[in-house]
Amino acid sequence: MAESTIVPIAPAPVTPRRERVTGASIGLRTIGIGYVSLIVLAPIAVLLYRALKPGLGSVLNSLDDVETQHAFQVTAIVAGSAVVIDTVFGVAVAILLVRYRFPGRRLLSAFIDLPIAVSPIVVGLALLLVYSPTGWFGTLTQDHVITAKPGMVLATVFVSLPLVARAIIPVLEQAGLDQDQAAASLGANAFARFVRITLPTIRIALAYGVVLALARCIGEYGAVLVVSGNIIGQTETGPTHINTELENFNDDGAYAIALVLMLIAFAAILLGAYIRRRQRRGN
Amino acid sequence: MTATLEKVPAQPAGTFATPGRRRRSRTGLPLRAPSGLSLGLVVLWLSLLVLLPLAAVVGKAFGSGWHGFWSAITNSVTADALKLSIGLALAAALVNALLGTLVAWVLVRDRPRGGGAFELVIDIPFALPTIVAGVVMLALYGSNGVGPTLFGTWLGLFITLLFVTLPFTVRTVQPVLLDLDKDAEQAAASLGARPATVFRRIVLPQIVPAVASGATLSFARALGEYGSLVLISSNLPHHNLIVSSLIYGKLQDTSSHATQQAAAIATVLLVVSALVLVALDLLQRRIARRG
Amino acid sequence: MGIEVRGIAKRFGDFVALDDVDLRVQSGALTALLGPSGGGKSTLLRIVAGLEKPDAGSVEIDGQDATRLAPRHRDVGFVFQHYAAFTHLSVFRNVAFGLEIRKRPKDEIRRRVYELLELVHLEQFADRLPAELSGGQRQRMALARALAVEPKVLLLDEPFGALDAKVRKELRDWLRRLHDEVHVTTVFVTHDQEEALEVSDEIVVINNGRIEQVGSPDDLYDKPGNQFVMSFLGPVTTLSGRLVRPHDIEVFTVPADDAVRAQVNRLQRVGFEVRAEMVTGTDAATTVQLTRGQSEALNLTEGVAVWLRPVPNSTGLTV
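In the order they appear, the protein sequences are chains Y, Z and W. Note that the first sequence ends on residue 283 in my numbering; no numbers are left out. Note that the second sequence ends on residue 291 in my numbering; no numbers are left out. Note that the third sequence ends on residue 319 in my numbering; no numbers are left out.
I should point out that these hints are in silico values taken from the structure, not numbers from a laboratory. One should not assume that every hint holds.
[To be verified] Listed next, the stretches of chain Y that the computed footprint assigns to chain Z, with coverage defined by at least 3 CB atoms under 8 Å from CB atoms of chain Z: (1) 30–39; (2) 65–75; (3) 119–129; (4) 155–167; (5) 264–276.
[As the list claims (entries may be wrong)] Partner residues aside, some chain W positions facing chain Y, computed with beta carbon under 10 Å: (6) Ala-49; (7) Gly-50; (8) Arg-68; (9) Arg-72; (10) His-73; (11) Arg-74; (12) Tyr-83; (13) Ala-85; (14) Phe-86; (15) Leu-89; (16) Phe-97; (17) Ile-101; (18) Pro-105; (19) Ala-148; (20) Val-149.
[Stated by the list, open to error] Here are the simulated distance ranges between beta carbons: (21) Y:Arg-277 to Z:Val-271: 40 to 46 Å; (22) Y:Leu-41 to Z:Ala-184: 51 to 57 Å; (23) W:Arg-177 to Y:Arg-277: 53 to 59 Å.
By construction, the Cβ of each residue, glycine as well, lies at the ideal position given by its N, Cα and C atoms.
Model the full assembly from the supplied sequences, consistent with the hints where possible.
Spelled out as structure tokens, the structure:
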């Protein structure tokens, strides 16, 4: 904070909103970029280095493994099913919360955010207590839910519950009810209004929400670990298989899976950024 | 006609509509058959997925009475794990409140070259699977890691939590900073305030709810974190055993009271989560009121 | 093809939006629902369209009970203040929407849409998105869209409220001419008395959830039923305890029959007219509107004494 000069009230600067470069701003910038680099970039770079150290051929070799491939298949099935459920649920909840008034509306709104604040291990435990063979619904569910894919889907949906709804809600709020009512007065029934008006209105935000949810579902570890029982070759997912590989001292195998999952995450980030750019341009 | 006449005060309405005015009464439609049905399904699904299971946790926690619950959460291993997790989460929230806000400020106001790529980097901890974050930390700080060995240390756990929670504060403060009316800052400056004073008296009061909300989210996430910490911790009771690992360990334990104890500890976490949600709701309403 | 509304009541929480309203809208007429914001006129229009459900009462459109019909079965065209343009569809597809819903043949849709776009002078914008149109153009598109399905009645909710003054005036004239061409029963909501007086065949004044008066523009201006209607439809002032129009006051420089003595307090010239603020013994202040010629002929200056009386047979109400 070297100079104490008063910031002049200038006519709109050429590059609007950008501060003058001062000693203070350079200092802040250095701290900010330095911190992010140290906390995020450096570890990521190290992982890339460590995963690729054995050579690309070796990485591909590690991935060409029956258990690993099965784990990725399970991840695809579980995450895919979870995202479909997330999407249906998210769209329904968003429309209900934005367009309708009913008792308990605010409670519902708070409730769908709850999973964000719950530890994944607690999520797993909670599902276990209801759906395991000894749980509340045990006689009904037997072992078809816990230590099986349905339970893993439940756990995955739980942790990613609000992502789709939260992505669409602002867009629905902004659009208001006018277009829907205009379509109704023009003779469109509820289904036609949803397909022709609501869906096109939310499509970009929905795509963004789905990408977010997909990334979260593919990566879920703790909750899935608890409910899956982590049975090798059956209920192992990509993320949980990393742990197995580490326990078997197959570090290269673990790093190879981590690398794949990281590349998926990067792809999701880039896709998300692309969608958000289109969303901004759309407005 | 009356076109050019000045409005006499008795006349109630002006000629110009206020554009964009929204009617108070149109906040929502009443439920009809299809929407009522979907609300029913949503509530049923939420009950099966979230409500009943969480109730089961609380039920199990008190399954052998208040005494069983109390002894499960006050024995020294649990107490230490709770203390460690809460302490680390608080510390992470605090650092995020400071540095996360700083990063948001740099992104919004300083806009350094390559800021777009920087934005993407912020999202990495969100998108990266937690276990991969754990592997990342292992590669850097593990016993065979590239960096200093922080395996099993509080510092290692703490740095991992900072990684995982970085986006929360940045992403909650950023939009508020973007929306700030810079005229107010310039007005303060024209009245003689120094940059630091402008920040403290004008900017800070407006972003405090967002900072607090971001820090609260960081706290909640850090408290329940499991996947990214499990590899960097040696899960040693009294030393570096975090509460999520403790619960997980109890679930692997086949002794009779283990599940009840796990549920008791989980109940403590759930209470904290509920408090966090209430706090967030209050904070968000303050943000909304500021518009 | 008229509208008949009987005993309509509507509350939002504690707020009474409409209180036992009866109204008959003539077939083929252009009717204005006029009143201050929050008076209930938009709610009434939305109840006719089926967008709002009344707590009590019935709505009849074209002789058929429509009270329990969904909006899509009512055959009404509705135009929203903020256009409600389908932002993701082109102008053509916006106008075609209702016809597509009714599954009309493609070439018929095409013919009809271009006919309407011509009517609203948007034929060269058919492929644009609504975002690429001005506010006035968007509202004309919304009008064409509502007319496309040949509704029994056309309802417009503050249709020009979001537009700037100049465009409003243009669209207002244009709506009148359009109505003369199309002749569909039309009801529009406005809080602008000038708009209502200029465009409509009949005006319904609504305030505090009740209908104050119904009549032709001239009737309402010349024979207001109460003080509210009189003051809402035009400027008013008080003279000798009566509500009168400022342009309906005669000014004399010498005492005259029934005239009260006053003093010129302030003179203000606005273009060709002069507004004089007069102080009499009884009224707080009386505003008189004169032409510049009248003012000069009377040689008015601030401070002089004058005598005032209402123009014989002019509109006036006892306060």
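Hints versus structure:
Three residues within the 8 Å Cβ limit are the bar, and the region 30–39 of chain Y against chain Z gives 6, so the coverage statement holds. Counting residues of the region 65–75 of chain Y whose C-beta sits closer than 8 Å to any C-beta of chain Z gives 0, which falls short of three, so the coverage hint is violated. Evaluation of the coverage hint for the region 119–129 of chain Y: fulfilled, as 11 residues show C-beta separations to chain Z shorter than 8 Å, against a requirement of three. Here's how the region 155–167 of chain Y fares: 3 of its residues keep a CB closer than 8 Å to some CB of chain Z, so the rule of at least three is met and the hint holds.
Proximity of the region 264–276 of chain Y to chain Z, defined as three or more residues with a beta carbon under 8 Å from a beta carbon of that chain, is established by the 7 residues found. Evaluation of the W:Ala-49 hint against chain Y yields a held restraint, the C-beta minimum of about 6 Å falling below 10 Å. Restraint check, W:Gly-50 versus chain Y: the minimum CB separation of about 8 Å is within 10 Å; hint holds. At about 15 Å, the closest approach between the beta carbon of W:Arg-68 and any beta carbon in chain Y exceeds 10 Å, and the interface hint on this residue is violated.
Checking W:Arg-72 against chain Y by beta carbon gives a least distance of about 5 Å; that is within 10 Å, so the hint holds. For W:His-73, the suggested interface contact is upheld, since its CB lies about 8 Å from the closest CB of chain Y, less than 10 Å. At a threshold of 10 Å, the smallest CB-CB gap from W:Arg-74 to chain Y is about 7 Å, leaving the interface hint in force. Interface restraint check for W:Tyr-83: the shortest CB-CB distance to chain Y comes to about 8 Å, inside 10 Å, so the restraint holds.
The interface hint given for W:Ala-85 is met, as the beta carbon of that residue sits about 8 Å from the closest beta carbon of chain Y, less than 10 Å. Interface hint at W:Phe-86: satisfied, since its Cβ lies 6 Å from the closest Cβ of chain Y, which is below the 10 Å cut-off. For the restraint placing W:Leu-89 at the interface with chain Y, the shortest Cβ-Cβ distance is roughly 8 Å, inside the 10 Å limit, so the hint holds. Hint status for W:Phe-97: holds, given a least beta-carbon distance of 5 Å to chain Y, under 10 Å.
Interface restraint check: W:Ile-101 against chain Y, minimum CB-CB distance 5 Å, threshold 10 Å, status holds. The interface hint given for W:Pro-105 is broken, as the beta carbon of that residue sits about 16 Å from the closest beta carbon of chain Y, more than 10 Å. A cut of 10 Å between beta carbons decides the hint on W:Ala-148: the least distance to chain Y is about 8 Å, and the hint holds. Because the closest C-beta pair between W:Val-149 and chain Y is about 6 Å apart, less than 10 Å, the hint holds.
At about 41 Å, the CB distance of Y:Arg-277 to Z:Val-271 agrees with the hint of 40 to 46 Å. The beta-carbon spacing between Y:Leu-41 and Z:Ala-184, approximately 35 Å, falls outside the hinted interval of 51 to 57 Å. Under the hint 53 to 59 Å, the C-beta atoms of W:Arg-177 and Y:Arg-277, about 45 Å apart, miss the expected range.
The structure is inconsistent with the numbered hints 2, 8, 18, 22 and 23, although it conforms to all the rest.
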